[in-house]
Amino acid sequence: DGGITQSPKYLFRKEGQNVTLSCEQNLNHDAMYWYRQDPGQGLRLIYYSQIVNDFQKGDIAEGYSVSREKKESFPLTVTSAQKNPTAFYLCASSIARRGGRLSSYNEQFFGPGTRLTVL
Amino acid sequence: EDQVTQSPEALRLQEGESSSLNCSYTVSGLRGLFWYRQDPGKGPEFLFTLYSAGEEKEKERLKATLTKKESFLHITAPKPEDSATYLCAVQAPSGGSNYKLTFGKGTLLTVNP
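So the sequences go chain by chain: A and B. If you're matching positions, the first sequence starts at 1 in our numbering and goes up one per residue. If you're matching positions, the second sequence starts at 1 in our numbering and goes up one per residue.
Read the hints as simulated data drawn from the structure, not as lab findings. Source: prediction; values computed, not measured. Careful, some of the hints might be misleading.
Unchecked claim - Here are the computed lysine-lysine pairs in the DSS-like style, where the Cα-Cα straight-line distance is at most 25 Å:
no.: 1; chain 1: A; residue 1: 83; chain 2: A; residue 2: 14
no.: 2; chain 1: B; residue 1: 105; chain 2: A; residue 2: 9
no.: 3; chain 1: B; residue 1: 105; chain 2: A; residue 2: 57
no.: 4; chain 1: A; residue 1: 9; chain 2: B; residue 2: 42
no.: 5; chain 1: B; residue 1: 79; chain 2: B; residue 2: 63
no.: 6; chain 1: A; residue 1: 83; chain 2: B; residue 2: 105
no.: 7; chain 1: B; residue 1: 42; chain 2: A; residue 2: 71
Stated by the list, open to error - Covered stretches of chain B (chain A as the covering partner; in silico rule of three or more C-beta atoms under 8 Å from a C-beta of chain A):
no.: 8; region: 65-77
no.: 9; region: 101-113
Glycine included, each C-beta is placed from N, C-alpha and C at the ideal position.
Construct the complete structure from the given sequences, taking the supplied hints into account.
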């Protein structure tokens with residue numbers, strides 16, 4: 001089955017610790033994204049990547065880092081510089097081309113999420 | 001700045017009681033409006049994409065419509081399994097980022113048996 005997987009489902013971080021959240025997709029999508037979801041707020045974009053070895057900051061990139069070494073993988077590291085990391089983290093992917101032409105406007109498909117809690 | 005407002009924040013219906021959820025938006029150059037369903041503790045599930053005013057999409061008991069200022073998600077004869085948070089998102093050119101979705105805060109729908 002094609003889809004997006006995220007691991008772990010639950011993650012606990014101690015103060016001053018860096019943690020990495022995994023996101024893998026087998027949909028052959030070019031673009032991948034990381035969002036953060038907090039109670040009472042809409043999803044907010046952290047980072048996105050349109051192609052391998054390239055990524056861009058979203059609205060709330062401070063305290064986070066990413067890499068895109070493979071098309072199917074887009075891990076997110078939450079660093080100790082992120083002061084309020086407790087949240088639900090969602091990874092998404094989308095095609096980047098429609099009808100053979102580069103198209104930015106395609107639906108995004110989400111993984112099951114990782115809930116990160118700071119101890 | 002793109003804005004998306006969903007109303008009501010929460011809606012409680014009896015099974016079979018039809019209703020609509022609203023998503024109003026303020027964007028410059030809408031390229032797509034997306035509806036998602038999210039169950040507690042899970043990732044959003046894609047429902048519909050609407051691209052232009054007047055467009056309608058249907059799936060089972062759900063029907064999404066789009067005008068130049070808002071979108072409606074109509075739920076006909078809902079069942080308890082339709083209970084979820086429904087998210088609306090818009091996509092429009094935004095600086096150098098054409099891939100950004102702006103999400104509303106969602107409407108929590110509860111359908112009682």
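Now for the hints, and whether the structure bears them out:
1. 83(A) - 14(A): holds (12 Å)
2. 105(B) - 9(A): holds (23 Å)
3. 105(B) - 57(A): Given pair residue 105(B), residue 57(A) holds - Cα atoms ~22 Å apart, limit 25 Å.
4. 9(A) - 42(B): Distance of about 10 Å is within 25 Å: holds.
5. 79(B) - 63(B): holds (15 Å)
6. 83(A) - 105(B): Roughly 23 Å separates the two Cα atoms, so the pair holds.
7. 42(B) - 71(A): holds (24 Å)
8. 65-77: Coverage by chain A is violated for the region 65-77 of chain B (0 residues, Cβ < 8 Å).
9. 101-113: Result for this restraint: holds, n = 6.
Going through the hint list in order, the structure does not satisfy hint 8, though it satisfies all others.
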